[in-house]
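**Q** If you want the building blocks of each chain, they are given just below.
2 protein chains.
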Amino acid sequence: MERFKVSYRVKASTLRQAQEVVDWVRFEQSVELPPDVLDDAIKETIVGQIEELAEEEAPFYKAVVSFPVDLMGDEITQLLNVLMGNVSLNAAVKVVGLEWEKIQDLFRGPRFGMDGLRALWGVSPQRPLSCTALKPVSSSAGKLGKMCYELALGGLDIIKDDHGIANQPWAVFEDRLRACTIAVKRAWEQSGHRAHYFPNITATYEETLFRYQRAAELGADGVLICPHLVGLDILKRLSAHPARLPIMAHPAFSGSLVQFDGGFSHAFLYGDLWRALGADFSIYPNVGGRFTFDGEVCEAINRSCRQAFLGFKKSFPTPGGGIEAKRIRDWINLYGSDTCFLVGGSLRRHPQGLQAAARAFQQALQGE
Amino acid sequence: MERFKVSYRVKASTLRQAQEVVDWVRFEQSVELPPDVLDDAIKETIVGQIEELAEEEAPFYKAVVSFPVDLMGDEITQLLNVLMGNVSLNAAVKVVGLEWEKIQDLFRGPRFGMDGLRALWGVSPQRPLSCTALKPVSSSAGKLGKMCYELALGGLDIIKDDHGIANQPWAVFEDRLRACTIAVKRAWEQSGHRAHYFPNITATYEETLFRYQRAAELGADGVLICPHLVGLDILKRLSAHPARLPIMAHPAFSGSLVQFDGGFSHAFLYGDLWRALGADFSIYPNVGGRFTFDGEVCEAINRSCRQAFLGFKKSFPTPGGGIEAKRIRDWINLYGSDTCFLVGGSLRRHPQGLQAAARAFQQALQGE
Numbered sequence: 038m039e040r041f042k043v044s045y046r047v048k049a050s051t052l053r054q055a056q057e058v059v060d061w062v063r064f065e066q067s068v069e070l071p072p073d074v075l076d077d078a079i080k081e082t083i084v085g086q087i088e089e090l091a092e093e094e095a096p097f098y099k100a101v102v103s104f105p106v107d108l109m110g111d112e113i114t115q116l117l118n119v120l121m122g123n124v125s126l127n128a129a130v131k132v133v134g135l136e137w138e139k140i141q142d143l144f145r146g147p148r149f150g151m152d153g154l155r156a157l158w159g160v161s162p163q164r165p166l167s168c169t170a171l172k173p174v175s176s177s178a179g180k181l182g183k184m185c186y187e188l189a190l191g192g193l194d195i196i197k198d199d200h201g202i203a204n205q206p207w208a209v210f211e212d213r214l215r216a217c218t219i220a221v222k223r224a225w226e227q228s229g230h231r232a233h234y235f236p237n238i239t240a241t242y243e244e245t246l247f248r249y250q251r252a253a254e255l256g257a258d259g260v261l262i263c264p265h266l267v268g269l270d271i272l273k274r275l276s277a278h279p280a281r282l283p284i285m286a287h288p289a290f291s292g293s294l295v296q297f298d299g300g301f302s303h304a305f306l307y308g309d310l311w312r313a314l315g316a317d318f319s320i321y322p323n324v325g326g327r328f329t330f331d332g333e334v335c336e337a338i339n340r341s342c343r344q345a346f347l348g349f350k351k352s353f354p355t356p357g358g359g360i361e362a363k364r365i366r367d368w369i370n371l372y373g374s375d376t377c378f379l380v381g382g383s384l385r386r387h388p389q390g391l392q393a394a395a396r397a398f399q400q401a402l403q404g405e
Numbered sequence: 038m039e040r041f042k043v044s045y046r047v048k049a050s051t052l053r054q055a056q057e058v059v060d061w062v063r064f065e066q067s068v069e070l071p072p073d074v075l076d077d078a079i080k081e082t083i084v085g086q087i088e089e090l091a092e093e094e095a096p097f098y099k100a101v102v103s104f105p106v107d108l109m110g111d112e113i114t115q116l117l118n119v120l121m122g123n124v125s126l127n128a129a130v131k132v133v134g135l136e137w138e139k140i141q142d143l144f145r146g147p148r149f150g151m152d153g154l155r156a157l158w159g160v161s162p163q164r165p166l167s168c169t170a171l172k173p174v175s176s177s178a179g180k181l182g183k184m185c186y187e188l189a190l191g192g193l194d195i196i197k198d199d200h201g202i203a204n205q206p207w208a209v210f211e212d213r214l215r216a217c218t219i220a221v222k223r224a225w226e227q228s229g230h231r232a233h234y235f236p237n238i239t240a241t242y243e244e245t246l247f248r249y250q251r252a253a254e255l256g257a258d259g260v261l262i263c264p265h266l267v268g269l270d271i272l273k274r275l276s277a278h279p280a281r282l283p284i285m286a287h288p289a290f291s292g293s294l295v296q297f298d299g300g301f302s303h304a305f306l307y308g309d310l311w312r313a314l315g316a317d318f319s320i321y322p323n324v325g326g327r328f329t330f331d332g333e334v335c336e337a338i339n340r341s342c343r344q345a346f347l348g349f350k351k352s353f354p355t356p357g358g359g360i361e362a363k364r365i366r367d368w369i370n371l372y373g374s375d376t377c378f379l380v381g382g383s384l385r386r387h388p389q390g391l392q393a394a395a396r397a398f399q400q401a402l403q404g405e
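Protein sequence lines, in the order shown, are assigned to chains A and B. Heads up, the final residue of the first sequence is numbered 405 in the working numbering, and it's a clean run with no missing numbers. Heads up, the final residue of the second sequence is numbered 405 in the working numbering, and it's a clean run with no missing numbers.
One or more of the hints may lead you astray.
Identical chains share a label here; the pair holds if one copy fits it or two copies do between them.
Unchecked claim - Listed below are the simulated EDC-like cross-link pairs for lysine to aspartate or glutamate, each with C-alpha atoms no more than 20 Å apart in a straight line:
#1 LYS42 with ASP152
#2 LYS183 with GLU405
#3 LYS180 with GLU92
#4 LYS180 with GLU69
#5 LYS180 with ASP76
#6 LYS183 with ASP76
#7 LYS139 with GLU57
If you're looking for bench data, these hints aren't it; they were derived computationally from the structure.
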């Protein structure tokens, strides 16, 4: 029976304790019965097998457990269940890697990917992309459209909705979508620069599908989605949807998975898993921003988005937080040009307004 | 502008630090912009307002923040985003309560509820319900059906699929559903006791809807679902689905939300939120089982499932772990009869087999 390996980081005080924990995991994440009531055949084939267990850096141990590929059936949800179902209720076991090639049929990766989007949008491989968010929530659709117009005139590559702008009465989805797609077109006609508008389509699953379709129909250039609010499978579903828009994934509601001793490592979740599921862009909280990711974690996410990974296209790591015009060259030197930089509040502080702020940022980004 | 309050437990070393954290939360979970770039009007209406901040038990502080009701729009996903979106990326703020009456239009509660199911199934209010899981995964549909038949003959109230039994080749959904619904009917005809079969329908969102429908068509009595694998909104969606089957919610993949200093409190998630969304049963890992919930947490979940809560029907707290025939009277004395007890591996150890084990458990449960 073909098997696939899952790599964990286990927190334990001794090797013996780590062994006990992993022993629990291999039964809990497969048959959910104790050894004494199981046939030997099941224990040897269906139950997880410990392939490796070694001390890493105290108090952490590396464990590799193999499970039968058939345990997954044919669903992302059941893969997530094998990886972090009941085990999520125990704090000491974190998934850090997966033998992806054994289960690659479950995935397709990003539809466009980094190179595809550069080609589609005519952006040189030598430079990073820029992105900013329309906010604050409570702005009318007209005001968001005006903001979008100014930012597009300023030359930014991507203008997305704030992920907290959903379907509130101030700017319901349809109105906002119209206002912003028109704004981008007007700015394009006027300046020759084509910015790309990504509305936030996060909603219930079925409504998300509908908004994806509407976004394409009204001429949006991509979508923003918080997959952990909708259900992770939505990424895979949209990446094969006939409406064909690029997908930018936002980490809202995902933090608990990375912030404790269980769950997933940052690079596994925001890099490998989101990319395998079909995210073209992976937004994460940059070091030095309002959140807590450190530099090493950010680099690990960047690597996971870009490195060779089955036959999947690359995704754009999209760090947000601490990104501003005067430091952008430093960030580019650090992260490289295969990055989409998400600039936020700092644009609002420019004395000549949003358009000038966007232009200054874009020029700094392009090294002009 | 109408507002609703969210109660948090904040981990901090001083009141001043707690104040800083909550100040961050009220901006981050609304406008996502710093105060210096915002109009006063927005700061006073759209931004969260601190209604209360006080030390609880060191190192924890209680904070109450109010947000405008309109911030939610009309979606569960956006409510979750306001409660634990970006803040999930910071470890120190846990949602423990909500001013539900202000946003109750978003919810309907359980369709059947505790009293409705007792009436439907003819179970006296004086006794708890019993439940067990068909396992292990890798058993054929025929074998699961046989197991189901024996457990039904033994007199159990509910027989559910293990939540790790999805659509694997050994027993695909449709085959298993047929085998087990037939088994329950055969046992009914033979013994006069009607057990209730709940297949696991956890899958991608659209497939879950399909399986819910199929479960009803083939005569299942309810469904098991892991809402955190599918997307939490699925509970609300199914609780209004025309197929009308009771819903048992399983906590797989939810653990990270309760296991760290952020996320949700146990009672808020497995009690209030699941109940508001429409779960008729709330499975949780019982104290003394294989997991880590303590007695106080279990009691708090039980209370949240049963207490007066808007006009919502009660849900059945469904503790699993450490439940066995010889201790069941103690559990009933502790938790009361408004409980559904999930008995597991211990049934497999009975010298006379599953049917005798189920009978012994059911008799002990009913005090016979």
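**Q** State for each hint whether it applies.
**A** So, going through the hints one by one against the coordinates:
1. Proximity of LYS42 to ASP152 under the C-alpha cut-off of 20 Å is found in neither arrangement, the shortest distances being 30 Å within a copy and 46 Å between copies.
2. Taking identical chains as interchangeable, the C-alpha atoms of LYS183 and GLU405 are never at most 20 Å apart, the minima being 26 Å within one chain and 74 Å between chains.
3. With identical chains, the CA atoms of LYS180 and GLU92 are never at most 20 Å apart, being 56 Å at best within one copy and 41 Å at best between copies.
4. In this assembly of identical chains, LYS180 and GLU69 lie within 20 Å of each other by CA distance solely across copies; the values are 17 Å between and 54 Å within a copy.
5. In this homomeric assembly, LYS180 and ASP76 come within 20 Å of each other (Cα to Cα) only across copies, at 14 Å, whereas the closest approach inside a single copy is 66 Å.
6. In the homo-oligomer, the alpha carbons of LYS183 and ASP76 lie at most 20 Å apart only across protomers (17 Å), although the nearest pairing inside one protomer, at 68 Å, exceeds that limit.
7. Taking identical chains as interchangeable, the C-alpha atoms of LYS139 and GLU57 are never at most 20 Å apart, the minima being 27 Å within one chain and 47 Å between chains.
Comparing the model with each numbered hint stated earlier shows that hints 1, 2, 3, 7 do not hold.
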